[in-house]
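If you want the building blocks of each chain, they are given just below.
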Amino acid sequence: MKRKLVLIGNGMAGVRCIEEILKLDREAFEITIFGSEPHPNYNRILLSKVLQGDTSIDEITLNSWEWYERNGIRLFAGETVTEVDSERRLVRTDRGRVVEYDELIFATGSNPFILPVPGADLPGVTAFRDIQDCERMIEYAKTYKKAAVIGGGLLGLEAARGLLNLGMDVDVIHIFDYLMERQLDPTASKLLQRELEKQGMNFLLRKETAELFGNGRVEGVRFKDGTSIAADLVVMAVGIRPNVELARKSGIEVNRGIVVNDYLETSVPHIYAVGECAEHRGVVYGLVAPLYEQGKVLAQAICGRKGKPYEGSVVSTQLKVSGVDVFSAGEFMDVEGTESIKLYDEARSVYKKVVVREGKIVGAVLFGDTSEGRKLFDMIQRGDSLEALSLSLLTPASSGGKGSLVAAMADTDVVCGCNGVTKGAICQAIAEHGLKTVAEVRDYTNASRSCGGCKGLVAELLEHMLGEEANRYTVKETICGCTDLSREEVLEAIEQRRLMTVKEVMSVLGWKNEEGCSKCRPALNYYLGMLYPGEYDEEAESLFVNERLHANIQADGTYSVVPRIYGGVTTAEQLRNIADVAEKYNVPMIKITGGQRIDLLGVKKEDLPRIWADLGMPSGYAYAKALRTVKTCVGKQFCRFGTQDSTGLGIRMEQTFERLKTPHKVKMAVSACPRNCAESGIKDVGIVGVEGGWEIYVGGNGGTHLRAADLLCTVKTEDEVIEMTGAFLQYYRESAHYLERTSKWVERVGLEHIREVLFDVETRRALLERLHKALSATKDPWRDIVENERLQQMLFRDIGDKEPVPVE
Amino acid sequence: MMRVEVGTIEQLPKRLGKCVRIGALELALFRTGEDRVYAVENRCPHKGGDLSQGIVSGEYVFCPLHDWKICLRDGQAQAPDEGCVKTYRVAVEDGCVYVEL
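Residue numbers (full-length UniProt numbering), protein chains in the order written: chain X, 1 to 808; chain L, 1 to 101.
If you're looking for bench data, these hints aren't it; they were derived computationally from the structure.
Any given hint could turn out to be false.
Claimed, not checked - Listed below are the simulated DSS-like cross-link pairs for lysine-lysine, each with C-alpha atoms no more than 27 angstroms apart in a straight line:
1) X/K802 - L/K47
2) L/K69 - L/K86
3) X/K665 - X/K625
4) X/K455 - X/K320
5) L/K14 - X/K661
6) X/K665 - X/K773
7) X/K146 - X/K224
8) L/K14 - X/K802
9) L/K14 - X/K503
10) L/K47 - X/K604
11) X/K625 - L/K47
12) X/K519 - L/K86
13) X/K744 - X/K665
14) X/K604 - L/K86
15) X/K190 - X/K375
16) L/K69 - X/K503
17) X/K519 - L/K47
18) X/K625 - L/K69
19) L/K69 - X/K512
20) X/K604 - L/K14
21) X/K802 - L/K86
22) X/K519 - L/K69
23) X/K779 - L/K14
24) L/K47 - X/K665
25) X/K665 - L/K69
26) L/K47 - X/K591
27) X/K512 - L/K14
28) L/K69 - X/K604
29) X/K625 - X/K503
30) L/K14 - X/K625
31) X/K519 - L/K14
Chain L on its own, in the form it takes in the complex (with noise of 0.2 angstroms):
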């Protein structure tokens, strides 16, 4: 397994995406309302928007793009869209966030 120190809590705005690249790979980090962190792939299924841009409420994030629906949780469209993102473990230790890979 392989893991990564993409910052610390601070650097992560309630509610206000961000995004960070591990190689090829594009992540959207959000910081929920109730202080959970969740990491995706930040690429909508529909049309590969930046999710990192999207509104955050709860546990979902907007598209910016179309406006899809994605649940932070398991990456999953919500209905009527239909599709997923891939969701990576993150894990807070001493204000450090880590994504595991």
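Excised from the complex, chain X in its bound form (with noise of 0.2 angstroms):
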């Protein structure tokens, strides 16, 4: 059964967790969204273009209707909700409509702040929030022709600008003594307030506003100090407030915001918040960046797969404000305790100030020229010292040539704020996809999707790319060479269209050559298998001949039978058992295996099935990427030194797990002391058991790759061994690369993140969960071949000798 996930807020933040939860688990979710607004999610900090004139309401939409019907979300556009019952788990909405959750997001963003003013509510006072105001604006402006905007910030000035281009006269009131105070220093606001005066606005500076005044519609703004001016439009753009009321009296603990931890859940179970209304640690955000990494990290925990928390972001701004571009990030006002770097080109009108604090950058603005503020907060963020600053950074960028800028960028410098892409990843996909426009650069990253800042820079780095370094970013790494796809690409392919045999893989992601190969043929069939236990039949023809037959080929085309021996501990009757059938098929040579098992070599392919009819013994999966065997030592049955059962514990494992398939081969050991007579320090797993518990090792190799293990944690009892081990099974089932020993893939993604995962419980027991499914469906293949005269028929048996004739 999915579970049912509703999501409150149909905007971009709330939107874009969904987006990263489809990413990650397409099936485990049925979902259904509820937005106040009558549209699809479209991109609210384009707005202003489209008051402009820029663009069109159609061009900011960023999820089109089709793409919840696509992905099979419901979507109540235009219908608010009004309750949320957490005891029962539901939520209403002003249509009357109730709707269960098992998983609950609130992203209800923020609502403009009206000033309480006496005529704040005449007509023709608006806010600037949404579409709707923005058509009011549009409207009005056609039979209006005064308008005064109240706000000297981003938004207040976006709205001027937006009015001016409708035709309008336009006044913007603030109460402060210079414009954008909280993005820029006093010298560049100036700056700014010169050119958009040069535009047209008229500004009206440390002005209070009293009321609003109008017989049946606004006529004019008053002020505290008295005076007034007339008006026929007014725009609040004083401020934003995080929506919280609804989540206030469903009561949920909020502050400004809805109070959220670094995993993104509210006080209250089950209930998430995301995006402008959530308060993390004190802050709320209001730029997209953070609440689109906040996004990504309620994904992965609502999915199960904790990873890292969300830390808090620290924050720069970089925006064209009427044309201008203007920069600023970290501590950029010149107080106490600082000194700072300026250049300041009035001519030109570029302006550029690092701030420095004890020796290090700790902030910066740039006015005019933009295009080294990327550079300069990263800077800002690794503190740098004040000697790593290049003074060429500040000089105007005409001495430099801009493409020499996207050049010197280093690959993991980030080009797109918003999304945090970086140029590497964007050179990248214009590499491997062989990219042509900023557009296709945006639907395969995400950069410039947001504020459209940076697709100048996209655009330099299309450019560049043609050029020298094109070469750099070789291909990535995919599964063989028949495709060009990524095994990331081609499981989030096969999960996303439900692709259920290795035939359709590939065939709908376009293999080179249509049958594949002996590499991408068992590749897919395993990751087919790992999707879809019990669901998916391994196809025998996409097998390597061991798997196919279920035993080891040898060098001289006979093969080897390893029955079952559980934790290398066996019995006189079932060693008498093997010796007889040993005896009655003439097996060349038994020996005894470094993994304490039985090997019986030379056996002839048709003798396999009645070889292990007679063995009765379930296989040992010697052949096989599964776990092979558990190994032990003798334990404190015996031994003088053993503290723990390591027999018992090494049985057990090997019962629960034998059988299951994993990316490659994978042993295990348990040793009931340090000593380690298990050789459990060499495994992919190993056990050693210590006074009062079990030290649990992992990624160790004692093969062509030496390694020894890693200690993931101790633990107390034989069941937790049995879940920890289980949940890292699970997790390397999921994430390595097909043929990925446990030892290349620790380290390839650190031990660190592995014991992130499995310690988080709910992230551990959703891999169990997954894993016993996986476990369930599985079934000795001996036993299942020995029964079946078909498949003996199909895999074992020949032709046989046939006698020439001769014809004429």
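Starting from two chains that each stand alone, build the complex the way the hints lay out.
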């Protein structure tokens, strides 16, 4: 049964979080979204562009109606959730609809702040927050001439620019001495004011609004100093407030925003908050980049794959205000204890300032030329010392030439701040997919999808990539030469399009060799089996011979047979039985293996089913990418040093995890004391008994790439060993490349990351659930074949001897 | 010329090889995904591997011992490996498969 996920708020942060969830697990949730606005998710940042006439409402849509439909999402647009019953886990709407949830996300965003002054409710007064406000202003501009914008912040200036474009006279009223005081220092602010005045805006600074007056509709604004102006349209752009009423009323802890922890969980279980409505460590974010970061973390948590927590964001502002580029980050004001380096080119209207505290770069403001903004932002985040700052960074851009700017950027430098897309990621996408336009780059990487401020840089990168750098970004690690897709891309496509067979995957994803090769066919077979346990039937013709015949092929074309002997503990009767079978089939060699098993070597292919039937033992899987053996030492039953029952635990582990298919073979061992007679230190999972508990080691390897295992954790009980091992195996199954041993995988993804995943109770529970689903779908293959005449005929019997006949 | 009836087409599952012995000669028979039947000497030019047990893709088989890729049409090992296996003409008539020696 799918869990029910309800999202309240159909805006940028919430819907991006849903996109992240779909990326992680398409099948996990039945998703319902409520949005008060009658539109699909659109790019609110670009509303000013709509107002300014540069773009249409259709063009700022981020997710079309069709997108919701394609992803099976129920969208109720124009419907507002009015009540949340967290006891019974359901929500009610203003239309009387009742929807149940298992998980609930608040992404209710912000409301514009309307000054509580007389006349604020008069017709002709509007906020600037949504499409409706935008449409209203466009409508007013057709009839009226005089507009007043209250608020000299970014939003107010954007509105003012739009109203100018619509042919209105615009007064901008601001309570402070200078504009955009939260993003700019006084010098930059004055430069901006001068520029905007040239464009036709009129500023009324240090003016506090007392009331809006008018007869039937707004006619003017009166200030506390007694002066007043006439206005037919008043736009309130004095700020926004997190929209938290519903949350407060539902008993969720609310401060300024809805209070969330590092995994975006609110004070009420199964309820989360993301975006502008959320307050994290005392901070409410309003810029899009942090909101997207939050969405990613929440998606992982809600899918049971908790990864890195959200630890807050350092923000920078890079904007184009009315055609003027401005940037600021960190502590950019000159205060006690700071010094600054400034470049002020009044003629060209360029101003750059870097603020230094105790020799370290802590902030910057750029005006007119912001091309070095990203670089400075990285330096601020790293806390670089002043020496790292090359003065050329502050000289006019023309001196270096623009081309060299993108060339000089490091691969880790962020190009699109909203979506956190680096230069490396963009170049990689350009090289791999042969991208030619900014739009293509946007579709592949999300770069420039939000505020669009980085379009210029992306365009330069495109140009640049056609040149000398193209070769640096070579093709990623694909599954094999038959495809250009990586493992991750293939898995995502399999899940999204619900591809069910190897053939289907290859044909839908455009494999270059129609029938694949000896690398991709077994790999796809594994991935499909992992994704669809119980549903997917292995394809014999896509398996390597050993796994097809459940025996190991030998140099001479014969096979070996290794029956399961749990924990390496056998009995006289079992040994007698094996000896009898070996004699009956004239087995040329009987060998004790490194994993404490008995190997019957030199068996003919057609004898395999008969030998299995006579043995009457389960397959030991000595041929498979699966759990091979759990090697054990004697343990405390006999050993005078043993502190734990290693054979008992080893047998239990082998019985629990046998038949589980993994990306590569998995060897385990259990030792009863740190003398480690079972060699747990070089196993994929090695257990070492200590006084009062067990140590769990992972990622060891005794083969070509000798590697000592890492201590994952120490636990007290056998049950905990089974649980932790199970979660480890499942995470390995889900995230390793086919044929990647745990030793390589642990190094690639990092032990710390694996710990974070496994130690999270909820994630571990989800992993174990999927593991048990996979385990319950397995059965002993030898027995299966012994009982299946058709399989024996198809796989084990050849045509035999034939006589030639002469022909005329 | 000698001709050997090696069985019916139904005895050859698609993309799963079968081995047939004719005197001292051992052949690997393959019915490809496109329903063509090929016969080659069942001995990889590398270390004599049992080609009949290899993974079949299009008109190629991958040797199960060391993954050499052998073309079923002309018997050539594919680069970077070098070598060749003997190929034999096959005729399918009325559902019966014949190999010409």
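Original post:
Hint numbers the structure violates, sorted upward?
Top reply: none
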